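**Q** This is what each chain is made of:
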Amino acid sequence: MGRRTRISLPVAMAMAIALVAIGPGSLPCLGQTMNYRALEEIFGEHVTTSATGSPQKVADAPVNMEIISADDIRRSGADNIPDILRFVSGIDVRRYGATNADIGIRGYNAANSPRVLVLLNGRQIYVDYHSYTAWSTVSVQPEEIRQIEVIKGPNTALYGYNATAGVINIVTMDPIFDPLNQVTLRGGNRGEQKMSAIGTAQWGDKAGLRVSASEHGSREYSTADQPRAFGPYPSHNFNRTAYAHGRAELPSGITVSAEADVTKSKQFEMTVGGYPGWTAYESDREKVGVGGATSLGYLNLNAYRNVVDFKYFAGWDCITCVGVINTLYVVQASDLAKPAVNHTVRAGLEYRNNRGNGSAYPGARFGFDVYAIDGMWHWLVTPKVALTSSVRLDHMTFSYHGPVDPLVMYSAKEYNRRPMTEPSFNESVVYKPTPDDTIRLSAARAVQAPDFYALFPEPVDPTFLVGNVAALEGSPNQKPTIIMNQGVDYDHKLPALKSSAQVSLFRQTSQAILASPGDSGIIDANRLGYAGNIGRSRALGGELGLMGENDAGWRWKTAYSLVHITDRIAVNQNLSEPNSSIDYRRGSPVHSVVLGLGRSWDKFEADIAARWQSGFDDISFGGDGTALIRTRIDDYTTVAGRLGYSPLDNVTLAATGQQLNRPRLATTAGPRTERRLIGSITLRF
Amino acid sequence: MTVLSVLALVAGVRPAAAAAAAGMDNRQVRIVAKVFNFLGKRPMPGASVVVVRGAADVAAVKAALAPMMVVEGGAGDAAGAFAVIVNSAAEAIAASRANPRVFTIGPEVGCVDTGACVLVVETQPQVSVYVSRAAASHAGIEFDTSFMMLITER
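Keeping their order, the protein sequence lines are chains Z and L. With the first letter of the first sequence counted as 1, position 576 gets the number 576 in our numbering; the numbers rise by one all the way through. With the first letter of the second sequence counted as 1, position 16 gets the number 16 in our numbering; the numbers rise by one all the way through.
Hint data in this document are derived by calculation from the structure and do not stem from the laboratory. It should be emphasised that the depicted structure is a prediction, and the values quoted were computed from it without experimental measurement. Beta carbons are placed, not taken as given, at the ideal position from N, Cα and C, and that holds for glycine. Just so you know, not all the hints are guaranteed correct.
[Said to hold, decoys possible] Where chain L lies over chain Z, by a calculated footprint (3+ residues, C-beta under 8 Å): (1) 53-59; (2) 337-346.
[Said to hold, decoys possible] With a cut-off of at most 16 Å between alpha-carbon atoms, the simulated EDC-like pairs for lysine to aspartate or glutamate come out as follows: (3) Lys311/Z to Asp284/Z; (4) Lys493/Z to Glu549/Z; (5) Lys493/Z to Glu45/Z; (6) Lys338/Z to Glu142/L; (7) Lys264/Z to Asp309/Z; (8) Lys338/Z to Glu122/L; (9) Lys34/L to Glu45/Z; (10) Lys57/Z to Glu45/Z; (11) Lys264/Z to Glu215/Z; (12) Lys41/L to Asp205/Z; (13) Lys57/Z to Asp551/Z; (14) Lys57/Z to Glu41/Z; (15) Lys57/Z to Asp436/Z; (16) Lys557/Z to Asp71/Z; (17) Lys34/L to Glu40/Z; (18) Lys384/Z to Asp437/Z; (19) Lys498/Z to Glu577/Z; (20) Lys432/Z to Asp491/Z; (21) Lys34/L to Glu122/L; (22) Lys34/L to Glu41/Z; (23) Lys34/L to Asp309/Z; (24) Lys384/Z to Glu153/L; (25) Lys498/Z to Glu549/Z.
Modelling step: build the complete structure from the supplied sequences, incorporating the hints.
**A** Here it is in structure tokens:
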């Protein structure tokens, strides 16, 4: 945030009007402008805005949050975020491809996992078409990430629908305060090749611009290991990225920022419903913002545009490839104020315009608009007790313009369904009986909205037949999934051991679970599969962890997580063959253990991490592709390590090994994950 | 009688008792220097900082606030200074009398509680930053919004 130079209210209003007048297509989006580094140097701990929209020390945040720091990222040796998150407790990573993975928080993982909202500096990179994150479209390099903030548990009261299992916010370095100039070359087995470059230009301490670009390719996952359904697929995966982030603090006290990125990728992917495929993405995203202190508090205005062009190849070539272009515009305004010494309040407005079209929906254009209002109140009741209350109201309207096949049971009018209005809340009490102890009680109501794929009709193609389904159709009658979550956390610092311990317990219920077409079990006489709500589910679980580091350079981490799910759903009940890819109870590993040990000394860094998880079922179209198959993934252990050496201050050599313990390992119903040995050199300027 | 004096009397601050407080250690000094980066109006290079005798190690303050002119003196020497580091609330009040716009920095949280000091930094058992809203307003000191969300106001 900028300095507390006051802007008069008329100026603030003029600023807002000017932004609105520009129009959403070219509006600037506000970058996260808090000086994280300087604040961490003062308080000696991580700070965040992801819990409530207000800056907080992580220890004070009213949510269960884990921070993966820049040091953690570097020491992991990983060059993509799923591989980094694999060693975080409570997170389940299904690594379907070299650049494709799905992530669940506290269970409920699935192909194209819809429950985890992923943000880059506060803007979503989550794709609304299928409600998932295409990780290959993440444009930033690991070296330019300041921290990854993982919120375990729902937070739709701040972020809106779909932040239902948790939030992953990727916070990048500040172009003004964090100069980065470097080139990294990586190479290894399985055809691993990557080159990335990052450069920063700074103008005093008032303006900065950072740009980065990368090209990555690999031949990981041999063709022999691939599921046969619709395949075989090329083993070559690639992605290219370019990213720019600029920020300036104007003499008037106003802060302006802008971000833009483009990505292009091709990869093997397990798509929603368990359909394996060869997929291609092209994305471009822009974000601009402005903010400043006013007499009413800190006013933030930002806007961004995401365009993701997705193509699905059912087979090696584009014989039956179909695609969707998802265009999202978001405009947000918020005001953050501290009207009294123990009270912080935040008010926000948001408008989202979400549209889809493309070859999968010839002649059609559809989408939804969201109008939302939210508020947060943080009250420091006593020096040891704080209450935080966040509420949000989302109002969604839907539109469909295009043909509807006569065989489809709904009309075009019905696809322009009535609006939906849903509240969300996050309530919490944080009690700090001693400086070393924190107890956190929380309750939340979260909303998961249906996505394009589940809402709108596709053309009926008589040549298309997968299993018993000839076409996959959205349904206008779906309700949102409502998630209720209660949690209790206890954090305890152990100064004598230079460690901290955490215990978390949660209970979560999901009502009216959304299922995509083909997953709901709803198939009509014309063999058209429809999306629908399929029942309810309940999860109980928790995490137990101990982590620390000492002055001798040693660091350690150990964590156990448990999630036990009970489904009451209308699919996969007493069937010899599955009729849906959804089976949360058997599809979620119940137990997982993460261990990590590392040390830094002289010019060296050495780290090793291991994860064991219990078995689970992954349901997908395997075999000859005519039916869903339940694949049992046995419990497994995977080990990764990195050895880094910096012979000069500006040169780092590193050797990274992933899945060191097994050359090939079945971790999903997709291709087996292979051992990877990667060397890298980083030159800093 | 100044507002600060009234606040101090209301809070029952006695100069003799407050004077017993130990001065800031070097870690506190380094953190105070970092806090300067979050001021609405940062001090110009060459702006003076008065360290009241015993309030902090002058050499450490000079090192932490390198572009600024750091001098050792009494609370009454705050006239014309940007900031003054004091031993007690009473010294903070005296400094404010000499210069109502001076940024008063004290050694312990009681100084902020009384409204005599603008800023106090504690480092044990963990880093806590305290700001007196009344004293800051009186001295015309403003902080970055994000910083204010992270500290304890009194």
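**Q** So, for every hint listed, does it hold in this structure?
**A** Consistency of the hints with the structure:
| no. | hint | in the structure |
| --- | --- | --- |
| 1 | 53-59 | holds (count 4) |
| 2 | 337-346 | holds (count 4) |
| 3 | Lys311/Z to Asp284/Z | 15 Å, holds |
| 4 | Lys493/Z to Glu549/Z | 12 Å, holds |
| 5 | Lys493/Z to Glu45/Z | 13 Å, holds |
| 6 | Lys338/Z to Glu142/L | 13 Å, holds |
| 7 | Lys264/Z to Asp309/Z | 9 Å, holds |
| 8 | Lys338/Z to Glu122/L | 22 Å, violated |
| 9 | Lys34/L to Glu45/Z | 15 Å, holds |
| 10 | Lys57/Z to Glu45/Z | 7 Å, holds |
| 11 | Lys264/Z to Glu215/Z | 9 Å, holds |
| 12 | Lys41/L to Asp205/Z | 14 Å, holds |
| 13 | Lys57/Z to Asp551/Z | 23 Å, violated |
| 14 | Lys57/Z to Glu41/Z | 12 Å, holds |
| 15 | Lys57/Z to Asp436/Z | 14 Å, holds |
| 16 | Lys557/Z to Asp71/Z | 14 Å, holds |
| 17 | Lys34/L to Glu40/Z | 10 Å, holds |
| 18 | Lys384/Z to Asp437/Z | 10 Å, holds |
| 19 | Lys498/Z to Glu577/Z | 52 Å, violated |
| 20 | Lys432/Z to Asp491/Z | 9 Å, holds |
| 21 | Lys34/L to Glu122/L | 14 Å, holds |
| 22 | Lys34/L to Glu41/Z | 8 Å, holds |
| 23 | Lys34/L to Asp309/Z | 46 Å, violated |
| 24 | Lys384/Z to Glu153/L | 14 Å, holds |
| 25 | Lys498/Z to Glu549/Z | 6 Å, holds |
Going down the numbered hints, you'll see the structure goes against 8, 13, 19, 23, while the others check out.
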